[in-house]
Structures are given as C-alpha cells and as structure tokens.
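J.: With chain A fixed as given, assemble chain H onto it according to the hints.
Sequence lines, in order, name chains A and H.
Start counting at 1 in the first sequence, then tack on 23, and there's your number in my numbering.
Start counting at 1 in the second sequence, then tack on 23, and there's your number in my numbering.
Treat each hint with caution, since some may be false.
Since the list gives no way to pick out one identical chain from another, each pair is judged satisfied if it fits inside one copy or across any two copies.
Calculated lysine-lysine pairs in the DSS-like style (CA-CA distance at most 27 Å, straight line) [claimed, not checked]: (1) K114 with K206; (2) K25 with K210; (3) K45 with K296; (4) K34 with K45; (5) K45 with K56; (6) K56 with K25.
Just so you know, these hints were derived from the structure itself, not from any lab.
Model, not experiment: these values are computed from the prediction.
Protein chains: 2
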Amino acid sequence: MKINQGFLNLKDRYLFSLVAQKVGEYRAQNPGKEVISLGIGDVTLPLAPVVVEAMQKAVAEMGRAETFRGYGEEQGYAFLRQAVCSYYARKGVELDASEVFIGDGAKSDLGNILDIFDQENTVLIQDPVYPAYVAANIMAGRRIHFLDGSVHNSFLPLPHRDLRADIVYLCSPNNPTGAVYTKEQLKIWVDWALAHDAVILFDSAYEAFIQDGELPTSIYQIDGAKRCAIEFCSLSKTAGFTGVRCGYTVVPHELIQGGVSLNELWLRRQSTKFNGVSYVTQRGAEAAFTPEGLEQNRTSILYYLENARLIAGALTELGIWFTGGSNAPYIWLQCPKDLSSWDFFTFLLDSCGIVGTPGVGFGRNGEGFFRFTAFASREDVRRALDRLRAMPL
Amino acid sequence: MKINQGFLNLKDRYLFSLVAQKVGEYRAQNPGKEVISLGIGDVTLPLAPVVVEAMQKAVAEMGRAETFRGYGEEQGYAFLRQAVCSYYARKGVELDASEVFIGDGAKSDLGNILDIFDQENTVLIQDPVYPAYVAANIMAGRRIHFLDGSVHNSFLPLPHRDLRADIVYLCSPNNPTGAVYTKEQLKIWVDWALAHDAVILFDSAYEAFIQDGELPTSIYQIDGAKRCAIEFCSLSKTAGFTGVRCGYTVVPHELIQGGVSLNELWLRRQSTKFNGVSYVTQRGAEAAFTPEGLEQNRTSILYYLENARLIAGALTELGIWFTGGSNAPYIWLQCPKDLSSWDFFTFLLDSCGIVGTPGVGFGRNGEGFFRFTAFASREDVRRALDRLRAMPL
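With the rest of the complex left out, here is chain A:
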C-alpha cells in the first residue's frame, strides 16, 4: 500500500503551533509577565441568547420519542436553507434552497470541494493567504500558481489578461489582510473567470463584518457570478460558532462546466462522504438568522470591530502602515524598522508581552508583515495598545 506522496510535500510545522511553542517558551522564561494575545483567530464572545434558547429546545426535542430526529435532509434542513435564502434576498441575491448546502464549516467545504475537480486543473492562490487552501491542494498533488499581494496592490491582486488558471481562491474580507474587494474589482475577477472557464472559490467567511454599504457582501452581487463561482460561508465568526460548527456553501444551478452541473456533483459528493450537521446545531443556526439573532450577533461583531478600530488608531499614531480593520476582524501591518516577521514577533513578545502572527507564515509575500486580530477582550486590547505605544522602537 502506498501513501499519498503529496503529504510529503507539506511544510513541516504549522504556523500556529510554532507560534504557540514560542509563546510557551517565553512564558516559561518569564513566569511573572502577562502575555496578551492580539493573534487569537477564535471568537471570544458567547453565543447569542436566541441561539442558546433554540439549541436548548432542540436538545429537549431529541430526548423525546415524539420529537426525536435522526438523519436530516441531505443538504440540510429546509428551515435553515430557507433562512439562508432570506439572508441572501436581503442582500439582493435570489437563491433557491436547492442551491444551498448546509455543512459543518467553511474549512471542511473549502477542502472537500476539491473532490469534484479533476486533478489536472491549475489552482490560483494568493500570497499571502490562509494556509489551509495551499495545504489542501499540495495534499492533492495539484499545480498551484501564486498571485502576488503587496502594498502596491493593497493586497487585492487582480488578474492580468494573460493569467490562466482553472480554479481561483478569493477570500474577501480577507484573512490574514482584512482587505476587501470592491464591486468593480470582483467584476474583473468574474469576467476573467467567465472568459477562461475558470471557477472562483469565494471564501465569504467574514462578510458580516462589512460596514461600508458600497462593498459587496456576496460574490453573487456581481453579474455573471452564478455562472462561475461557489461561495463558502460560515457562522463561525458571524455568530460565534467556532465550537458549534456550521456553515453553508452555495452552488448555483447556473454553474455548469463541461455540460455538468456542479450543484449535482457537490450533492453527490456530500451524499456519499458526509452525513449532515447536527439537528441541534441547525436550529441554533436558524435562530442566528432571525431578526433577534442577527441583532444579537451584530452586537458581538461591532464589539470586535471596535477593537479593530482601536488597534488601527494606535498603528496610525505610530506611523505603521496597515490595511484591514474597518470591514474585517484582521489588521495586516508592515513591520516597523524593516524587521522581518519573526524578528518583529520576537521583539513584540520580549518588549511588550504581546503575541501576534508573523505574516511570513501566510506566504513569502507576508515577509516583513504581521497580523493582529480583533477577537481579544476590550480590556486586553486597551492594555496591549498601551504597551504598543510605549514599545522601544
């Protein structure tokens, strides 16, 4: 039996476990010093009250024979898919419930969607980028081309006319940079994909953080996108579901390649290799989409965005270049004094007791950059920023 050789091409260490190791070493050497993390990639605020209530009700139903639920509908319960369609309708996007697939999170679906594509396809991924896209494709032995993000294009690269690829990953608002494509920029991508028979895998995990009414909150707000894009959404950051696990993937019926409906392929893949999301979780997700749920989750989102605004303010005072932070929970800053990512990591930790994430961990174009996140508590953010303003640079 031969193992998949693709795994041998993966980098040895996970970015985040390397960070955790260095923080552990610092703590061991500095037992009295408090470490504040501005690198948390996880939510910290609890579930909304209506979500808790809905999940309690669902758990109780599961304990009684008359209301017990076993296997659910293959694409997820209609009550939740309808709620997702209503959410899209409010954004001006009309979807049919059969175009929505409830899953256990964007990470799973972004990884597993590769099953429906031939291995020979070329994949276009940005640099810097969320590492899982790259790892999943290396595991699958696929050809990856990288598209450069930089200060020059505000980390919002666009296709040039000769660019060729079969599958392209776009994440907007972006993790790690917090950068957000405008409608005009997404139209360039959609037109390019249509012209080249390419498929856009649009990671929309942070769409709920967008405050600027001019910015697109779904790829399908762009004409033609239904013919070339799959959109991946998650309740993880939107509703605090990182420990609950629920997302939804939209595969429009108009998305046809080689005469085959990608919606039917994804349905077949999921019917064979997945068995649905917990009923309790789906009722919680349904509650998150009610007016009360949206309002309660908005409060949490605004809390994180205020953290981001404070961080952005401090960086501005310090004259440090950055992007993100106004429509996303991520801030991508240029390391001061031309420090490398890891040197700045060490400097921040040693001189301020602050933890962030070295940009080079997201790709070579991240070298010299750094990521802060907005998920810490308000008090931790304030205290970290006080230390940052006082850092010995």
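T.: Same frame as chain A, now just chain H:
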C-alpha cells in the same frame, strides 16, 4: 476547468431514493393503506437522559462568556478521547488518546480517509456492501476489486492466498447482512494484510450490538491489527446520534507504511480540511460513555435487538433463509420463490404494505436477497410480521 470524470462513472440512482420513489408511488395509488417500513436505516428511539442533560449543560456554557468554548483540540477534546480509551480498555484493547480522532461520523471519515492513500492503490470491497464505500472510490477513480459474499460463505468472505489488494474494507457486524466475523476469521484477514502490506479499513459502527461474548468487538482484539488496521466507530446507532453526528476513528501509532505514520497523515489531513466536532456534541458523547449512558443506550440497543429476534423468528417459521439479526440490527434474507430483489420488494409492498430494501442495491451478489432492519417501533414490527406470516406465497 475540468470536472472530476470519476463522478460520471457513478450509478444514476441512489438505492434509497429509488426505494423512496416507489413507496411514494404506492402511497399515491393506495391512499387508505398503511405502509410499515422494515427498511429504516435510522434509529427511532430518543437520546439517553444523561446525554440530553450533558448537552443542555454544554449549551448553557456556550451562552456565558466565562464558560464559552471556541475551537476545540484538533483531535477532539481530551475528555472524550479518554472516554473512548476507557471504553476500549474494557474490551481489552489499550489505546493512547493520541490514537483517537473524534469526527462527525463514520461516513465522513470512511470517505475522507482515502485522502491519505495514493490513488494507484487497489481497493478490495465486498459484494454485497454498504454503497458509500464503492461510490467514494469510484469518485476517486480508484481500481476496485470485489470479493464475493454468498450463502456459501455465510456472507463472510475470507482472503485466498493469491488475493492481492492494498486497501480492504471490512464491516463487522455487517451492513447490510448483519453477519459477524469470528476472532479466527478476523485473524485470517489481519495475517493476510500484514503479509501483503495492506491496510484494513474496519467499519465497526455496529459493534455495540454484539451480544455473543465470543465475537470480537474491535479489530484490535486481534494480534497484529494495530500494525495494519484503522477502525471507524460511530455513536449513530450505538447512542442514537444519527442526527447529532459523532464518531471516532482509531489510527494506531504502530500503523506505519513506507516509513510514514498513518496517524500523522490523518492528523495532518484533519487539521487542514476539518475543524472539529461541536463542543455540545462532544459533551453528549462523553455522557454516552459513562456507566449510566452505556446502560441507557444498552436499553435502546436491546430494544432493537428484540425487534430483530422477532423478525428472525417469523422468517424461521416461514422457512426463509437469512443471516444476521442476533448481533446486528440487520437481517439479510433470501427472497422466497426465487424472486428477484425488486420483484420481492414490489410483492411485499403490494401484498403486505411492507417496505424493505432490495439486496441487489448493495451489489450484484445481493440479487435474490433482501434487507430488513430492526429500527422500527415494536408495534410496527409486530404488525408487519403478522402481515408477513399471512403473505400469499
């Protein structure tokens, strides 16, 4: 962009949706007649009280900032992995918690495990078999060899000396046949796998139904199995979790192929393409493994097994050959009067208003056979068997 051509090699219709369609047609043509299903592949009894209690407590924790949980440990919470290890210890199998991976069910893990194997491996699958194994491999474009199950080998095929394959699927107790391998028979498989550097994918989803103390309840009760087998377990039928979604996959550290640890490969795969199981679900699963939880779930399992015993009794009275039903919730019977699987399906439905599953849907060796399941209510089983005893054959 090219789609994965493997999908075009899949059969057109799902067995179970074809069954549902025919039942729908019957109901439409026979509005007054009650249909009783002995083909349900889903549990019907509610969650155990201690499980409900644990899940309610966990939901409440998620609603408070001080006890809220975000992303969990990558392989699943240690509290649950330890509970799984204790469960195995009671079976005489010693595992380390790092060998246990909590997942959202055996179906997902059985499908996704293929990621770690090279595409050139030959896969050995039995016929008849649970259809998802076949579909997942056809999607992946892998070479499949089928191993014949029949009345002659009691649907418990064994390897002959010249048999070659890299990956073999074994499911015991078996879906659809309910047949269970003895320790001696599993030893033959383990010895064969070790001799041929093959990996056994052991689907142990129904191990909790085994009543006969001589029968193995884990592949690891066989010497050498840790060096050649991955075991997939599920709480779906064991604890009624079909709508809650939790399972566990064991990849022993001793399982090394080509100098590479499969445990490390699976960890890498899951870290990249999966984000864990709901905290609420994991607390429910932990409760299922407590003495009270095991006892409460045992009550449900015995209820289903009594259904199976009654079905078996009726078949014996009718002189119909069958296997299964004493250590599994499935009964695999030979269609009377040499009827084909679908002819017997139609006959049963038309003359008795009973729904079962045509054996041919599980593979060509299922032609002339039929599957009953034990998950219906006791009253439905009794009424169905009364009709069965009176059927005009």
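J.: It remains to establish, for every hint, whether it holds in the given structure.
T.: So, going through the hints one by one against the coordinates:
Only within a single protomer do K114 and K206 lie at most 27 Å apart by alpha-carbon distance; the minimum there is 13 Å, versus 60 Å between protomers. In the homo-oligomer, the alpha carbons of K25 and K210 lie at most 27 Å apart only across protomers (23 Å), although the nearest pairing inside one protomer, at 44 Å, exceeds that limit. In the homo-oligomer, the alpha carbons of K45 and K296 lie at most 27 Å apart only across protomers (25 Å), although the nearest pairing inside one protomer, at 38 Å, exceeds that limit. Proximity of K34 to K45 under the C-alpha cut-off of 27 Å is restricted to the intra-copy arrangement: shortest distance 18 Å within a copy versus 52 Å between copies.
In this assembly of identical chains, K45 and K56 lie within 27 Å of each other by CA distance solely inside one copy; the values are 15 Å within and 70 Å between copies. Proximity of K56 to K25 under the C-alpha cut-off of 27 Å is found in neither arrangement, the shortest distances being 49 Å within a copy and 55 Å between copies.
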